[in-house]
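Chains as they are written, first to last, in this note's numbering: chain A, 1 to 304; chain B, 1001 to 1287.
Hints in this document: simulated from the structure, not taken from any laboratory. In this text the structure is predicted, and so the values were computed from the model without any measurement. Note that the Cβ used here is the ideal one computed from N, Cα and C, for glycine as well. Keep in mind that a hint or two might mislead.
[As the list claims (entries may be wrong)] Pair ranges (Cβ atoms, derived):
#, chain 1, residue 1, chain 2, residue 2, range
1, A, Glu146, B, Arg1142, 37 to 43 angstroms
2, A, Val58, B, Leu1209, 46 to 52 angstroms
3, A, Phe75, B, Thr1262, 54 to 60 angstroms
4, B, Thr1262, A, Arg116, 22 to 28 angstroms
5, B, Phe1246, A, Pro212, 36 to 42 angstroms
Each chain is listed here by its residues.
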Amino acid sequence: MTHAMAGGHGVPPAEPEAGRQRRPLTRLWPALPAVLVLGVLFLGSMAFMVVFSFWRTVDLDIVADWNLDNYVKFFTSPTYPGTFVKTLVMAAVVTVTCLALALPFTYFLVRYVARRWQRIVLLAVIVPFWTSYLLRVYAWQAILGERGVINQVLLSLGIIDEPTRLLSYNNVSVYIVLVYVYFPFAALALYATLERFDFGQLKAAQDLGARPDQALRHILLPQIRPGIITACIFVFIPIIGEFLTPIIVGGTQGVLIGNPVINFFRAGQITQGAAFALIIAAFVTVLLIVFRRHLQVEDVVARG
Amino acid sequence: MWSPVAERIDPLESMPVSPYARLTRRLLWVLAALVMAFLYLPIVLLVIFSFNEPRTPGLPITGLTFDWYAKALSNRVLLDAVRNSIVVAAIVAIAATVIGTMAAFALVRGGIRFPGAARVFATLPIMLPGMLLGIAILIFMRRVLDLQLSLLTVVAGHLVFTVPFVILIVAASLQGFDRNLEWAAADLGADSRRTVRHIILPLIWPSILAGALISVTLSIDEFVVTFFTVGPQLTLPIYIYTQIKFGVTPEVNAIATLMLGTTLGLIVLGMALVALRRRLRRGKEGS
């Protein structure tokens, strides 16, 4: 069965003596457990969620009564489309900030830091992942809050007279913490492409009369564009589904589109929540398909 | 904090130095240092609060104490949660590594017709919001299969996003694999099982190991998917979440600090072992 399907990808271009000894390294059966896990647990459960999203919840029970109300409710609601757009804006602003920080950061790292140390700095960028995400986000309350570090410093310097609330339980605190959480993804994605860049090209460009900024813009940027796009995807897309950061540091103002979804499920409104979750999922899936060439997951995670 | 730029090198020392080059480099250095401070400030605070006396982790620092460590280490619920997290992570890592590695072979070597589509499919569980996976699996387990939620459902949930990671990482290294080595092995009479064991696995084990490590890392701190699939037995992130809602005590900071210390210790140990092995090998070659 495997031979019939051979073609395209896994076949070596110039195979010596076609058809010899290609077993069983070219078989498909090893994929079976993965197909089961992803097929049943992932696709299967998604399929049921799609079905439920067209049903109704009556007294916390799911009733097989096909309708579009759950979807209609999203688009006709006075708040949810706005929250969705706000989430996209937040994701975009965080993405731009992460890039603006990660580009000079990784450029400095690759260009001016010894190779040994590059590894260690990268490791240091990843280490935060090995402590509790919840506690790290929670610690930001102690930085941004009314009695937090920033307020204490500003007060003791006499810059402000009373603690400012501009930094806690609002969009600003959500923004800061999201930049904090997603910066490492941007940095890793950019490092992966910058590392392959030959900096001699910049010198060549300058020898030929380009100003440093011209050399950066016309030589460096085009070559690291794939990394920039990968970084954008790995920051932008996860933020669309964020609900935890707003819960911990966002207060009532800082909610994102993930929060109402969670609230529906908490309130037992499963069919309604499923529809909302699927609207988000459809959006994300379209983005993933559009940018499928830049999904270098292994570049982002398998380093350091 | 430490300085990452102890031994600075410029690969292009012959480059014409514009008057701004030095300044640019200084500014970049400052920015990099600020970014590192930004990344580490919460962690430093997290650790400091584990030694701070007041019942709620936060400022001001009033006095140093080890009480929270003593309390954490005698808190049964917390310790059970830690144990559950470790058990789940271990099972998930082993299962995901085996399942994912096998699938990677099929994906790269099996002549799958639409490698691009397979790639998007494998990436979906990673990139879709965890919220969505958690909800879908919860609905499936409870409403469709009518299963009780337990640590097993948590393991199932974690497999959905760790298996794809292992597949993508191992597939990437298989793709760069020189197949002439396999054909050479076959010419020399090795059957495929021996080829896998003695040729392929030794060459790609770093990426398999990377897949396993990522699975552990992701599983042990996974909150969102666990939140939906967890039963009466808590995992550590779930315990911390209930604490955050009803008032964190520095006990969790103490546990988090211990876990961070342990991971850092393991990393240093691992690096030391690699360095030692390299030195031993070099010594052997020299003699």
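Hint by hint, here is what the structure shows:
no.	hint	verdict
1	A:Glu146 <-> B:Arg1142: 37 to 43 angstroms	holds, 41 angstroms
2	A:Val58 <-> B:Leu1209: 46 to 52 angstroms	holds, 51 angstroms
3	A:Phe75 <-> B:Thr1262: 54 to 60 angstroms	violated, 49 angstroms
4	B:Thr1262 <-> A:Arg116: 22 to 28 angstroms	holds, 25 angstroms
5	B:Phe1246 <-> A:Pro212: 36 to 42 angstroms	violated, 56 angstroms
Checked against the numbered hints given earlier, this structure breaks hints 3 and 5; the rest are met.
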